[in-house]
Structures are given as structure tokens and as C-alpha cells.
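Novice: Protein chains in written order, with the numbering used here: chain A, 818 to 1005; chain B, 818 to 1005.
Some hints could be false.
Since the list can't tell identical chains apart, any single copy or any two copies may satisfy a pair.
As the list claims (entries may be wrong) - Below 20 Å or equal to it, Euclidean Cα-Cα: the simulated EDC-like pairs (lysine to aspartate or glutamate) are: (1) K848 to E869; (2) K848 to D989; (3) K848 to D931; (4) K848 to E832; (5) K848 to E890; (6) K848 to E886; (7) K848 to E883; (8) K848 to E898; (9) K848 to D858.
No wet-lab data here; the hints were simulated from the structure.
2 protein chains.
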Amino acid sequence: MPEFVRRIPEGDDRERMICADCGHIAYENPKIVVGAVVAVDDAILMCRRAIEPRRGYWTLPAGYMEMHETLEEGAAREAWEEARARITIDGVLGMFSVARIGQVQIIYRARFTDAGPPSFAPGPESLDVRLFPFHEIPWDDVAFPTVRWALDAWRAQSNGSLGAPVGNPASDPRGVRRYTNPGRGDPS
Amino acid sequence: MPEFVRRIPEGDDRERMICADCGHIAYENPKIVVGAVVAVDDAILMCRRAIEPRRGYWTLPAGYMEMHETLEEGAAREAWEEARARITIDGVLGMFSVARIGQVQIIYRARFTDAGPPSFAPGPESLDVRLFPFHEIPWDDVAFPTVRWALDAWRAQSNGSLGAPVGNPASDPRGVRRYTNPGRGDPS
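The whole structure should be built from the sequences, with the hints applied where relevant.
Specialist: So, in C-alpha cells, the structure goes:
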């Protein structure tokens, strides 16, 4: 296993982990968790965690964003992976910084895509998945403070327009166009 | 230098880079860029890049979020590092996914903290820093599409409330409280 030493690289102003063998700098940056409050009327889709930390506690479908997906794609993927739910995203409810552990959580408001009775089931990281009427949410068994923050945000804005912030423009919804000389020949 | 191989770890569903020597999994996740549209009346603070990519082109003060800071702290830090500007954040203007390179950009609307004539100067990564009246922005020399997207968002919402999303609650503005048993003895 390579040995890393902690020092300030040239031209930088903070310590990084640097490989003692080859000089590779292992930048560590905050990770993004994406998720959604998925609601039907006043009932919220929640997952009982099958994994640590906080196994057995209730959370929203959410998880680490992956490379080469958009925020919205990540939130929809997590809803499928953890709750076997197909969702459509309305807008952003909350953006939370968890500075202690270097994490940012982006939580959307969403609904089930398909009409008819809501379809969901536990994915491999969930022991159980349920739709809780808001007043029956098991607050004492909620996994993380950010879950409460997101649920509070939903209660404050359970419908209507969510306004700002804007996301990607319609011309590049996934952020995949190359940026060489964007100013030239692209008067948009 | 350690050799990494690309394969799917047990219990995962996508390929990761795994050290052939020790089995360490090098998860790669999207990085967060935080920045701000800092305005005085209708003039926008922009920086001419001293570094690649897009050296010599104009951008907003923005950069990679660091561990253990909040989004807002990161945006304020970048405004200081790149433009020697002390800023106060109003709200979130845009959240952009750049799926092609695994990046998320969170851009705030902000103003100069201090009263009186705006104070700014190039930091080490800027060749020049200027306040451009919106109609004088050098669109042909803007560094990245996301800079245009953020400027478009500012033009649409240059003042007034930005509404959702909510950020951290006042009781934990930096996300540093521990989460053990949040439900018990914490009726908030």
C-alpha cells in the first residue's frame, strides 16, 4: 500500500495527502448526496436502512452522486435503487452542508411518475419501504438530522412552484456539450 | 506508483478503480464548484483567468469546495482568493450539472459586504478583476458555458427573494452537530 504524507503542495495553501513514492496528490473534496422527498398527497416515501450507519432507522431515498450523471438523474437513480420507485422531480427543496464530514446534500421534491397506486419495494440497502402520512412519520427513529431538515422543507413547500435556483438550460440539460470557445458562433 | 485495475467490487453495481496491491477502492465522485455572481447595481464582478483551462478568459469567482466548509463559506472563500472581495450571500441562483466531467456547480447571488466603493483586486489565480456593467460583459471571452448560465440566472433574478431551496437550519448552520439519536431528547 502506498504511503501518503500530509503536506502543502507548491502553489497551494493547505495540506493535502501526497504519495511519498510518486508525488501524486490525493485531493479530498466534499461528496454530494442526492435524494428526494417523494410524496403522494401528504404521505412521504421512507426507507428503513439495511446498512450502517444508522441501520434500522428511517431515511429518505438518497445516496452518493455518481460520476457522469446529473443531480436529477442521481436522485431518480437512488429512488429506484433504495425504494424501487420511479419518480419525477418537481424542484429543489433543500441544500444542506454537513461540514463536519465534508458532505453536501441536495434534496428534491418529487412524485411518482406512474399514475395509479404508488409502486415501491425495498431495494438491497433497505429493510422496508413505506409511505408515511406526515403526522405518522416515526420522528424518534429518523436516521439523520438532514432527513428532518428535508421533511421540514417539504412541509413548508409541499406544493406550488419552487422557483430558484435554475438548473441547466434546455440546450444542455446534462452538461455534456464541450466548452471550446463557447462565445464564438454560439450567440445564445 | 500503485497499479489500479477497473472492476466491480463485491456488493456494488459499477466499476471502480481498485488498487491491485492492497484492494483499496478509489471511489471517484463528482466534485462541487462553488461561486457567486457578485453585483453592484447592474455591474458584475468577473475575473480573468491566470491558469488553465481557459487562461485569459473571463469567469466568475468560483472554485472547488474544500472539506469541512459549508457551500456559502466556500463561495465566500473563492471570492476572496480570486478577487480579494468580501461578499455577503443573498441566495442560490443556479445549480448546474456538468455530467461530462463529473462536476456540480452551485452559484450564489451575492453583494459586497462593506459599504462604500467596492474593493477588489486580482488574487494569484487571476490576471485581472473588473466590475462589468451587464451590457459590457465580454461574452466572446467568457470561460465556460456555466458562467453564461449563471449570468442568465442573475439577469432573471437580480433582486428580490430567491425563495427555495432552504439551507441549513439556524440551529446548525454549518452541519457540525453529531447525529447520534437525533430523535431522542431533541424534539426540534
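Novice: With identical chains, the pair K848 and E898 could be close in the same copy or across copies; at 20 Å between alpha carbons, which is it: within, between, both, or neither?
Specialist: within (19 Å within a copy, 22 Å between copies)
Novice: Within a copy, between copies, both or neither: where do K848 and E890 come within 20 Å Cα-Cα?
Specialist: both (16 Å within a copy, 16 Å between copies)
Novice: Have a look at K848 and E883 and pick one of within, between, both or neither, based on CA distance no larger than 20 Å.
Specialist: both (10 Å within a copy, 10 Å between copies)
Novice: With 20 Å as the alpha-carbon cut-off, assign the pair K848 and E869 to within, between, both or neither.
Specialist: Close inside one copy (18 Å), not across copies (24 Å); limit 20 Å.
Novice: For K848 vs D858, is the C-alpha pair at or below 20 Å within one copy, between two copies, both, or neither?
Specialist: Intra 32 Å, inter 35 Å, cutoff 20 Å: neither.
Novice: Go through the copies and call it for K848 and E886: within, between, both or neither, with a Cα cutoff of 20 Å.
Specialist: Classified as both: same-chain Cα gap 14 Å, cross-chain 12 Å, threshold 20 Å.
Novice: 20 Å Cα cut-off: does K848 pair with D989 within a copy, between copies, both or neither?
Specialist: between (24 Å within a copy, 19 Å between copies)
Novice: Quick one: K848 to D931, C-alpha cut-off 20 Å, is that within a copy, between copies, both, or neither?
Specialist: Answer is neither: 31 Å inside a copy and 32 Å across each miss the 20 Å cutoff.
Novice: At most 20 Å between CA atoms: does that hold for K848 and E832 within a copy, between copies, both, or neither?
Specialist: both (19 Å within a copy, 18 Å between copies)
In summary, the numbered hints that this structure violates are 3 and 9.
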